[in-house]
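Chains as they are written, first to last, in our numbering: chain Z, 1 to 307; chain L, 1001 to 1373.
Keep in mind the hints are simulated off the structure, nothing from the lab.
Given the structure is predicted, the values throughout are model-derived calculations rather than measurements.
The beta-carbon is built from N, C-alpha and C at its ideal position, and this holds for glycine as well.
Please note that a few of the clues may not be correct.
Here are a few chain L residues that sit away from chain Z, every Cβ distance over 10 Å (derived from the structure) [to be verified]:
#: 1; residue: Ser1014
#: 2; residue: Gly1115
#: 3; residue: Phe1167
#: 4; residue: Arg1191
#: 5; residue: Ala1192
#: 6; residue: Ile1199
Which stretches of chain L does chain Z cover? Using the computed rule of at least three CB atoms under 8 Å from a CB of chain Z, they are [to be verified]:
#: 7; stretch: 1092 to 1103
#: 8; stretch: 1170 to 1180
#: 9; stretch: 1341 to 1348
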Amino acid sequence: MSAFVVAWLTASLRLAGPVLLAALGETFAEQSGVLNIGIEGTILLGALGSFLTSYYTGMIWLSLLVAVLVGIAANSILAWMYVTVRASQVVAGLVFNVLAVGVASTVYRKALGNSALPESITMFQPLHIPILSNLPGIGPALFSQTILFYLTIALAFIAHFILFRTNFGLALRASGENPAAADSAGISVQRMRYAGTLISGAAAGMAGGYLVLAQVGLFRETIVSGQGFIALGIVIFGRWHPLKATLAAMVFGACDALQLSLQIFGTHIPPQLLLALPYIVTILAISGLFGGKAVQPAALMTPYVKD
Amino acid sequence: MAKLLERRLTPADSPLAIFATTTGAFLVAMFVTSFLFLSYGASPFEAYFALFHEPFATLRGFGYSLVRTSPLALIALGTIVSWRSGFSYLGFEGCFVIGASAATWFALLTAPGAGIGPLPFSFFLPLAILAAFVAAGIWAGLVGLVRAWLGGNEVLISLMSNYVAIFILQYLVGGPIRAPGSLPETKLLPRATWLPFIIPGTRAHAGILIAIAAAALVWMLLQKMPLGYELIVTGFNASAARYAGIDVGRRILLSAFFAGGLGGLAGMVDVLGAQHRLMDGISGGVGFVGIVVALLARLNPVAVIPTALLYGGLSVGADAMQRRASIPSSITFILQSLAVLLVLAFDALRYYKVNFAAFSGRTPPPVAEEVSK
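Okay, chain Z solo, but in the shape it has when bound:
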């Protein structure tokens, strides 16, 4: 296998990580009946939280923890808007994203002043798993990622188990499929939707930490640039199913990485066309050309009013 393919595969998996993490969390929110568009802004806030923690303390795991906590805190506001206030989920999520941009850039400037140089921080380094990472072809791609990648893959299996093998998962899905029936079966739809939104907040915050601590190493206001929206697309493409979402995220990562690899190797294709590729692929994936409307949680985006 040529060096090009090895580099491409490695980058594919590397880039798939954060969006997959965000998509896994979003799956919980959507299965409970909440379309949480606010994950775009949550990722940004998580990225900022982990960047600042790492910048001031240098403790990398603490930074990741802060990202998760920031995500949960931010999404407790969103959950209140979605579930208790019963505001339109699209509106509340969208406006929250604008708010997050304002908060992130204000806090960043407050903390670091207007210094032109972006400050860099310590990052997670790739683990080179002995023997396996020397396998020809897929070895380096699969077995020399950062620990966050392996953690994310493990979380995909855990998410699958929780959603489809536990009472909590059943109650969550019931709240998104038929809230009235879930309610009469004694499930608190409100509590399930709070849980779904907070789980998606934790995952999105962690995805922001992942971006900063394992991929970029610095903070910019444009660091997320639609990855939260792509995660929403991956949830649809993955049919609201954690393991299928994992595959969908890999497809997205492959498009994104192709763009990077082709630019390095030099082609005559305009770079913007390659940059637009992941977005175009996501649009096609969720356009309905490949079905999908029928399997979405029936009560998605519908606030539940208890009679």
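Go by the hints and put chain L onto chain Z.
Only chain L this time, still in chain Z's reference frame:
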């Protein structure tokens, strides 16, 4: 003992109740934001004075406020047309860019010696409006097509399409219409294609007149025309509309086209009136703030112009504040979005009424009376 707050069965929807909750929410947002000013060691009163003085009490600043108002208002009007038809379009950042690109392309063609050559402004303007409207209308119409034919989710597709449009812009200003120089931007547009300035001594341009005319047209469409009625019915209840013989798919397509077109006009107005050239990063989030304006105006075309003026003015005031007091202008983003989140939260209050009988200790009115209200 009567409770002080009693729950109503339907929200109070008198104009007074709506105005009161909106204003209340905005004041609370200002109160919360004042703590941010305190963190910069600035007195909130002085900060708010600075924030409102420049854009609304100085002629020059008011001119700049009008410059910011027109694209915000046009995008808000596009939001109203699409959302009230039940089409949750969020792709106005992209429409802005597409409209700006189409207008720029056409304006460059009318430069002396270029493809078309100079046109009188009274010919140029309608054609530029047409170009920007149709280009962005088709751009948004594609999303409408996906929703109407394939049942795809327009919320996410339109969000994604913003990024694609921005890459198209970057391609255009990086290659085909790039001016020589280090920055990715076009040449300055020919002077004859600029929108006229309307207030002497300011940068205010005729774009605000286009925005006001568009608001009047949108109001007429939604309130006075059968098509607007059909759009609103489609938005309220698509299956009822279908039962009444309305072709729902075609209405959604049409509303997507109109909404996108209005977003495209926003781009045209900004490029021909204020920027006078196309460049990377020209939209800068206006597509989303425009949606926020529409929400604060409660999707009412008449309220759009004053609301857009408030938000446009706030952004001018914030820039002035950043220059003078080095308080980052991003604080207004917080104020602007917090206000709308609080409006949503305050809407829950309209489900309650204050029971004044609870103060005087008299017996509460019977519940039956409550229902009849």
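Hint check results:
1. Ser1014: The assertion about Ser1014/L holds, with a minimum of 21 Å to chain Z.
2. Gly1115: 23 Å, holds
3. Phe1167: The claim is violated: Phe1167/L sits with its nearest Cβ about 4 Å from chain Z, within 10 Å.
4. Arg1191: Arg1191/L is indeed farther than 10 Å from all Cβ atoms of chain Z, at 30 Å.
5. Ala1192: 31 Å, holds
6. Ile1199: Ile1199/L is indeed farther than 10 Å from all Cβ atoms of chain Z, at 30 Å.
7. 1092 to 1103: With 0 residues close enough to chain Z, the hint is violated.
8. 1170 to 1180: With 4 residues close enough to chain Z, the hint holds.
9. 1341 to 1348: holds (count 5)
Violation of the numbered hints given earlier is confined to hints 3 and 7; the remaining hints are satisfied by the structure.
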